[in-house]
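In this text, residue positions in the sequence shown follow the working numbering: the first is 1, and each later residue adds one.
Please note: incorrect hints may appear among the correct ones.
DEER-style ranges, computed between Cβ atoms [stated by the list, open to error]: (1) V10 x Y39: 28 to 36 Å; (2) K5 x E41: 35 to 43 Å; (3) K6 x Y39: 46 to 54 Å; (4) K4 x N36: 32 to 40 Å; (5) E40 x E2: 31 to 39 Å; (6) V10 x D45: 32 to 40 Å; (7) S7 x K44: 34 to 42 Å; (8) S38 x S8: 42 to 50 Å.
To be clear, the hints were calculated from the coordinates, so they are not data collected in a lab.
This structure is a prediction, so every number in the text was calculated from the model and none was measured.
Think of the CB as a built atom: it goes at the ideal place given N, C-alpha and C, for glycine as much as any other residue.
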Amino acid sequence: MEEKKKSSLVVFISILIALIGGVISVAYIVYKAMSNKSYEEKWKDYDECGI
Numbered sequence: 001m002e003e004k005k006k007s008s009l010v011v012f013i014s015i016l017i018a019l020i021g022g023v024i025s026v027a028y029i030v031y032k033a034m035s036n037k038s039y040e041e042k043w044k045d046y047d048e049c050g051i
């Protein structure tokens with residue numbers, strides 16, 4: 001019985017770590033996309049200047 005509890009706890013922790021990793025990855029991708037959009041918006045007027 002004790003080993004079954006330990007095994008299910010390990011599975012739960014593994015799944016929790018994987019979910020947290022996935023959420024962090026998605027948040028990073030969204031952050032980079034928004035950052036790139038903001039950067040391009042800031043400099044779009046200077047594209048025609050030849051700089």
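Hints, one by one, checked against the model:
| no. | hint | verdict |
| --- | --- | --- |
| 1 | V10 x Y39: 28 to 36 Å | violated, 43 Å |
| 2 | K5 x E41: 35 to 43 Å | violated, 54 Å |
| 3 | K6 x Y39: 46 to 54 Å | holds, 49 Å |
| 4 | K4 x N36: 32 to 40 Å | violated, 48 Å |
| 5 | E40 x E2: 31 to 39 Å | violated, 57 Å |
| 6 | V10 x D45: 32 to 40 Å | violated, 55 Å |
| 7 | S7 x K44: 34 to 42 Å | violated, 56 Å |
| 8 | S38 x S8: 42 to 50 Å | holds, 45 Å |
Checked against the numbered hints listed earlier, the structure breaks hints 1, 2, 4, 5, 6 and 7; every other hint is satisfied.
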